[in-house]
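Colleague: Be aware that the sequence shown starts at 1, since it is given in UniProt numbering, and climbs by one per residue.
Hints in this document: simulated from the structure, not taken from any laboratory.
As the structure is a computational prediction, the values presented were derived from the model and not from experiment.
The beta-carbon is built from N, C-alpha and C at its ideal position, and this holds for glycine as well.
There may be inaccurate statements among the hints.
List time: in silico EDC-like cross-link candidates among lysine to aspartate or glutamate, alpha-carbon distance up to 16 Å [unchecked claim]:
#1 K511 - E521
#2 K327 - E369
#3 K366 - E404
#4 K366 - E333
#5 K386 - E345
#6 K386 - E483
Cβ-Cβ distance ranges computed for the label pairs, FRET-style [claimed, not checked]:
#7 F381 - G405: 28 to 38 Å
#8 Y385 - G536: 25 to 35 Å
#9 C141 - P299: 19 to 29 Å
#10 C524 - C141: 46 to 56 Å
#11 V568 - V203: 18 to 28 Å
#12 G405 - T484: 42 to 52 Å
#13 R264 - N147: 23 to 33 Å
#14 D344 - L441: 43 to 53 Å
#15 G202 - C524: 24 to 34 Å
#16 V456 - A334: 18 to 28 Å
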Amino acid sequence: MQRSSQNERVKSVNLLAHIAPDRRRKILPNTPPTKHTAGEDSRQKMVHEPKKIETGILVDICNAEAALPPEELYDSPALGSPRAAPPPSRPSPVHVPEDIGVGSLVEVATDVDQHYYGVVRWIGVIDDTATAGVELEQSVCGLGDGNRGGSRLFSCAPGRALFVPLPLCRRDARFRDTPPPDCSDLNDTENFDQPDCPVVPGVVPPLSSLGELAGKNRGIQGHHNSCYLDATLFAMFTFTSVFDALLYRPPEPEDSPHYSEVQRVLREEIVNPLRKHGYVRADRVMKLRTLLERLSDVPGLTSEEKDPEEFLNGLVAQLLRTEPFLKLSSGQEAYCYQLFVEKDEHVSLPTVQQLLEQSFTTSGVKLSEVPAAFIIQMPRFGKQYKLYQRVLPSPLLDVTDLIEGLPRQCTVCGSLARWECAACAGAALEAGALCDTCRRLAHASRPHHKATPLTVSEEFANILESCPVPRVYMELFAVLCIETSHYVAFVKAGVGHEAPWCFFDSMADRKGERNGYNIPEIVCISELGAWLSEEGGRAVSAPPDRAPAHARRLLADAYMCFYRSPDVAMYR
Numbered sequence: 001m002q003r004s005s006q007n008e009r010v011k012s013v014n015l016l017a018h019i020a021p022d023r024r025r026k027i028l029p030n031t032p033p034t035k036h037t038a039g040e041d042s043r044q045k046m047v048h049e050p051k052k053i054e055t056g057i058l059v060d061i062c063n064a065e066a067a068l069p070p071e072e073l074y075d076s077p078a079l080g081s082p083r084a085a086p087p088p089s090r091p092s093p094v095h096v097p098e099d100i101g102v103g104s105l106v107e108v109a110t111d112v113d114q115h116y117y118g119v120v121r122w123i124g125v126i127d128d129t130a131t132a133g134v135e136l137e138q139s140v141c142g143l144g145d146g147n148r149g150g151s152r153l154f155s156c157a158p159g160r161a162l163f164v165p166l167p168l169c170r171r172d173a174r175f176r177d178t179p180p181p182d183c184s185d186l187n188d189t190e191n192f193d194q195p196d197c198p199v200v201p202g203v204v205p206p207l208s209s210l211g212e213l214a215g216k217n218r219g220i221q222g223h224h225n226s227c228y229l230d231a232t233l234f235a236m237f238t239f240t241s242v243f244d245a246l247l248y249r250p251p252e253p254e255d256s257p258h259y260s261e262v263q264r265v266l267r268e269e270i271v272n273p274l275r276k277h278g279y280v281r282a283d284r285v286m287k288l289r290t291l292l293e294r295l296s297d298v299p300g301l302t303s304e305e306k307d308p309e310e311f312l313n314g315l316v317a318q319l320l321r322t323e324p325f326l327k328l329s330s331g332q333e334a335y336c337y338q339l340f341v342e343k344d345e346h347v348s349l350p351t352v353q354q355l356l357e358q359s360f361t362t363s364g365v366k367l368s369e370v371p372a373a374f375i376i377q378m379p380r381f382g383k384q385y386k387l388y389q390r391v392l393p394s395p396l397l398d399v400t401d402l403i404e405g406l407p408r409q410c411t412v413c414g415s416l417a418r419w420e421c422a423a424c425a426g427a428a429l430e431a432g433a434l435c436d437t438c439r440r441l442a443h444a445s446r447p448h449h450k451a452t453p454l455t456v457s458e459e460f461a462n463i464l465e466s467c468p469v470p471r472v473y474m475e476l477f478a479v480l481c482i483e484t485s486h487y488v489a490f491v492k493a494g495v496g497h498e499a500p501w502c503f504f505d506s507m508a509d510r511k512g513e514r515n516g517y518n519i520p521e522i523v524c525i526s527e528l529g530a531w532l533s534e535e536g537g538r539a540v541s542a543p544p545d546r547a548p549a550h551a552r553r554l555l556a557d558a559y560m561c562f563y564r565s566p567d568v569a570m571y572r
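All chains, please: the whole structure from these sequences, using the hints.
Modeller: Put into structure tokens, the structure is as follows:
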């Protein structure tokens with residue numbers, strides 16, 4: 001069957017029939033029309049990145065032939081394996097929007113006062129027309145899933161792939177018109193008039209205090225189910241440098257060809273603007289989401305609801321290839337640790353310290369070394385089921401008894417422990433550490449208990465026999481919470497017990513309805529430090545309905561706790 005003309009194909013889709021006529025492609029003046037054969041009209045071509053701009057890959061249609069010789073044009077290639085196309089005839093010059101590229105948030109105007117919004121997933125040439133492949137926010141009857149003429153140009157849910165002439169796309173007005181926040185430099189007194197959320201190259205240190213960061217239009221702007229990513233990035237980078245190795249590691253031969261671009265977008269378009277100006281617009285985050293969706297094996301990162309661990313797996317493990325944060329005595333490695341425990345019906349408000357020791361005792365493993373960062377997932381499964389209705393995040397995590405080979409203190413007399421008995425320990429690992437004398441006394445009436453010797457360096461043993469055994473602590477610096485599929489973050493704005501905390505919600509408010517945009521907000525919570533003590537936690541949790549809203553959310557909705565060891569991070 002002979003393929004229909006472009007105009008006929010446009011009319012066959014109800015959405016495209018109403019594209020605003022004044023935005024249709026026009027040939028530039030003084031440009032003679034180019035004649036094409038029927039064979040050439042049926043071809044599908046993709047320009048291979050002849051020009052790049054800040055918002056993504058921009059195909060310069062006017063100079064496509066000059067920029068790339070015919071052998072560098074590709075005929076609908078599969079990702080990573082381009083096929084040379086026959087030399088094409090020169091396409092007619094067209095006007096290409098200078099600010100549209102792959103990853104841009106765009107809208108397609110129609111003549112029925114209906115706008116369609118989406119993200120550009122592909123740009124190329126179809127039938128000598130500069131064309132954008134747009135993944136729409138919502139499904140439309142009659143649209144596909146990114147397959148065009150038997151070739152897979154990009155992947156998305158059925159009914160969301162819209163191919164339109166590139167000039168019919170314009171920047172999404174919901175973000176283009178977002179009122180800029182106060183863009184004063186948070187580390188300097190100079191004022192910067194940068195309403196367009198600029199790229200910030202170089203090295204920008206994390207913030208050391210909350211300062212003027214609190215308020216509306218602060219933090220990372222949420223868009224289209226991005227809260228899982230917004231809250232995680234805000235927790236990882238705003239006030240701490242423990243994850244900064246992700247931003248600066250040089251590329252290695254084993255890395256993805258796109259490693260440097262992913263790292264640059266994360267560093268210069270998200271983390272640095274967040275630290276310098278206190279605000280990141282949603283289209284910057286969408287650029288990272290688009291890269292992750294295209295390059296990782298985690299689908300739906302640009303549109304679907306996801307969990308923080310899925311994002312960490314796609315970014316940290318697969319694309320940035322970071323060394324796992326946790327190394328276990330079993331030889332396993334991990335980026336975060338899921339608590340697996342049995343519920344104690346006599347405990348109504350367990351602490352993370354108690355649950356962690358119980359989980360390590362049950363699994364029979366230990367940490368091989370002190371981690372620089374320790375990400376702990378709470379004992380809940382999915383977005384609904386929670387093992388405990390409330391969990392109290394421990395402000396300091398004592399990991400002394402969780403580290404393999406670390407000197408430990410006898411739980412009875414306080415001297416250097418030489419033995420460990422799992423039966424004596426129960427749920428508390430500290431209770432199982434015994435010196436020689438206390439082991440003999442404790443096991444005299446418990447012949448069925450079997451203690452195992454602890455490995456202690458003789459150099460340490462000679463010193464610690466007469467000195468207290470040092471404890472190793474990690475500091476809580478962030479808690480991700482989830483309620484009705486929406487993630488928010490409580491983050492410590494500084495270091496030390498007296499540092500204040502803040503609450504971040506990337507979708508705290510909204511301007512407009514369907515065509516509106518989200519307004520992120522940061523709220524200072526000076527009393528959160530008191531809530532984290534066991535006495536304070538019990539005070540604000542009973543009765544739950546009378547507790548402050550943020551305290552109730554912290555205890556009831558905790559999903560993931562972030563701990564750090566700044567001293568260890570300095571050497572990694």
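Colleague: Which numbered hints turn out to be false for this structure?
Modeller: Number 14 only.
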